[in-house]
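Asks: Sequence:
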Amino acid sequence: MKSSIIRILRPVMTFVFVIVSFQFLLNAQTVNTTAQSFIIEVVYFHAPNRCPACVANETQTKQVLEKHFKDEIGKGIVSFISLDLKEASNEATIEKYEIVFPTLLILKKQGKNEIKTDFTNTAFDYAFTEPEKYETLLQAEILRQLNNN
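Going from the sequence shown to our numbering is simple: count from 1 and add 600.
Fair warning: there could be bad hints in the mix.
As the list claims (entries may be wrong) - Listed below are the simulated DSS-like cross-link pairs for lysine-lysine, each with C-alpha atoms no more than 27 Å apart in a straight line:
hint	residue 1	residue 2
1	Lys733	Lys696
2	Lys716	Lys733
3	Lys667	Lys709
4	Lys686	Lys709
5	Lys733	Lys686
6	Lys716	Lys662
7	Lys675	Lys662
8	Lys733	Lys712
9	Lys675	Lys712
10	Lys709	Lys662
11	Lys712	Lys696
12	Lys708	Lys662
13	Lys675	Lys686
14	Lys667	Lys716
15	Lys733	Lys670
16	Lys733	Lys667
17	Lys662	Lys686
18	Lys708	Lys667
19	Lys696	Lys709
20	Lys662	Lys733
21	Lys686	Lys708
22	Lys733	Lys708
23	Lys709	Lys670
24	Lys686	Lys716
25	Lys716	Lys675
26	Lys670	Lys708
27	Lys696	Lys716
28	Lys712	Lys670
29	Lys675	Lys709
30	Lys708	Lys696
Don't read these hints as lab results, they were simulated from the structure. Note that this is a predicted model, so its numbers are computed, not measured.
Please model the complete structure; the sequences and the hints are all you need to start from.
Replies: See the structure below:
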């Protein structure tokens, strides 16, 4: 009797183990896909004539991204774009975001959804005068957005 129960339970337990393992792998793959289903674009809109603070905004932003997010840039998860406010080819983007003066936006795009974070004040407050503080603040904001799926 005992041996017949063991003969019946062994294949049942093996089947349950396979199903649970398969479900675990599916969930892991779904999480991995979800984690990479968004991108973050850092977009700097600038005037053709730039003051030292405007130049620092772009330079410092690029440096922070390259220093702290090199892997994400390589994977296409994080990118930086600099757009001149006076170039006709940028007109549609400028109108979409209603830009009228130099602006730094962090755009988290996931499918058709987009979350816009205006980082202009922080950039103008710190990129030129306190670049270390700006680095810390920008890095923290990008990390927050990368980790909030």
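Asks: So which hints don't hold here, by number, going up?
Replies: 1, 5, 8, 13
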